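> Spelled out, the chains give:
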Amino acid sequence: MIPLSYYLLLSGILFICGVLGFLIKRNIITIFMSIELMLNGVNLSFVAFAAQWHALSGQVFVFFVMVVAAAEAAVGLAIIIAVYRTRETLNVDRVNLLKL
Amino acid sequence: MLHLILFLFFGTICVAGAINLLVQSHPINSALSLIVVMASLAAEYLLLGAEFVAAVQVLVYAGAIMVLFVITIMLLNAGKEERTKGSRVATLIGVPGVVLGGVLVAWTLLHRPDRLSFPVGALKGDPGDIARLLFHDFLLPFEVTSVLILIAIMGAVVLASRPEPVGRPVHTSPRPRETRELVATEKDRP
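Respectively, the protein sequence lines represent chains G and E.
The first sequence lines up with residues 11 to 110 when you count with the working numbering.
The second sequence lines up with residues 280 to 469 when you count with the working numbering.
Read the hints as simulated data drawn from the structure, not as lab findings.
Remember, predicted model here, so these are calculated numbers, not experimental data.
Please note: incorrect hints may appear among the correct ones.
So the derived list for chain E, only partly shown, Cβ under 10 Å to chain G, looks like this [said to hold, decoys possible]: (1) Ala357; (2) Thr370; (3) Gly373; (4) Val384; (5) Ile428; (6) Gly434.
Derived coverage of chain E by chain G (criterion: at least 3 residues anywhere in the stretch with Cβ under 8 Å from a Cβ of chain G; other residues may be distant) [as the list claims (entries may be wrong)]: (7) 324–334; (8) 374–381.
Note that beta-carbon positions come from the ideal geometry of N, C-alpha and C, so glycine has one too.
Here chain E stands alone, though its shape is the one from the complex:
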C-alpha cells in the first residue's frame, strides 16, 4: 500500500514535470522541469529495486546531461520561444494521432485479463551483480559504447570549436549576410 502511494506520488510529479516541459515557453524552465522528471524517475527506479540505475540516473541524466543543456541555453542566451506557424501537418494529424495512440496503449494495458504484478524490490539490482553482467556477458557492447562516446566527444569538440579567426583567408563556408554587413560597417568607421 505504501509502495503504491509512493509510486502514485512520484508518478504524479513525473507527469506534471513532463507537461510543464510542454507548457513553458522559455527553454530554461523546460530544462528545469526535465530535471524534476528525471529525479522523480530515479525514485521510481528505487521502487523497482534498481538501486544502481537510480544512482546513475541522478548522476548522469539529472547531473551531467542536464548541465550540458543548461550551459548551452545560457551560452546561446536563448530567449522566449517565438511562436511561428510551424508545420500544419504535424499539428493537425500528428497531435491527434499521438493522443489516439496513447489512449489505445492505456486502454490495452489497463484491460489486460491477467494483471502482471510483482513485489517491490524482488530483483536486487545492486552494483556487484550488474558489474558482473556488464563486464562478463556484455563486455563487447561495453567496449563498443566506449569507442562510441570517444567519437562523440571528438565530434562535439570539432563541431563546437570556433571557426577560423578573421584576417586569415577563410576556407570555411561564407558568413550569413547580416554578419557580413555588420563587419563592413565596423570597418568603414574611421
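Bound conformation, chain G alone:
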C-alpha cells in the first residue's frame, strides 16, 4: 500500500523542478523542456487520482494532455526554429523585440 500523498509529492516535486527551470534557464529549448516536465508532473497526479477513486476517466485525460503536449511541442519547436533563423540565438534575453 503506497499512500496517495507520496505520488502527489513526487508530482509536486516534478512540477516545481519545471517551474524552477522555467525561471532560471536562459536557453529557449531548455525552457520548453521545463514545460514538458510540468505537464508530466500533472499527468502523474491524474493517474494517481484515477487509481485512488477507481475512475478510469482520469487516465483518459492523460491521453488528452499528451495530445496537447505533442501539438505544443511541434508548434513550439517550429517557432524556435523560426526565431533562430531570424535572430541566430537561442538565448531568451537576446530575443527582446517583437520586430526585427
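Keeping the supplied structure of chain G fixed, place chain E upon it in accordance with the hints.
Then chain E, alone, in the frame of chain G:
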C-alpha cells in the same frame, strides 16, 4: 513492501533526472535527462496499474516528443547555455516563492490526518476499458483533439518552412543586419 521499494527507486531516479535537467548547461544533456524522467514515470504508471498509459508514455513522450527535441537541438547546433543576467525579479522573488510553495504542498500532503492509500494494481487500466471510454464517452473530445493536432501539424510546417529564396522579390520581413552584411560582402567578392 516491494511496491514501496520500487516506488522509491523509480521516484529517486525521476527526481534526480529532473534536478539534472536544471543543473546541466548543455541542452542535449537536459534532453537526455528528461528522457530518463519520462521513462521512470512510465514505471510509476505501471506501479499504479495503468499499463496502457505507461506504454503510451514511453511511445509518445520518451519516443516521439523527445526525438523532436533532440532533432531540433542538433539542427540548430545549440551550444552551451550562455549565462546572462536574466530577470532579476524571477530569481529574487520567483525562486524563493516556488520553493516556499513546494514546502507548503509537501507539508500539507504529509500531515494529512487520514492517509489515503490504495492497493497497487487495484484499477485495471487495460486498453479495452480505456478504448471503450475513449470512443464512447469521450468521443467528441477525441475528435476535437484530432482536429487540434491536424492544425498543429499544418502550423508547424508553415512556421518551420524555409523563407523565400533570394533572387525573387522578398515579401517576408527583412533579414537581420548581420546577415545582410554577410550577403553584401559575398556579392562584392569578384
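> Now, for every hint given, state plainly whether the structure supports it.
Hints versus structure:
1. Ala357: holds (6 Å)
2. Thr370: holds (7 Å)
3. Gly373: Holds - the Cβ of Gly373 of chain E comes within 10 Å of chain G, reaching about 5 Å at its closest.
4. Val384: Status holds, d = 5 Å.
5. Ile428: holds (5 Å)
6. Gly434: Hint holds; Gly434 of chain E Cβ to chain G Cβ min 5 Å, cut 10 Å.
7. 324–334: holds (count 7)
8. 374–381: holds (count 5)
Violated hints are absent here; each numbered hint is respected by the structure.
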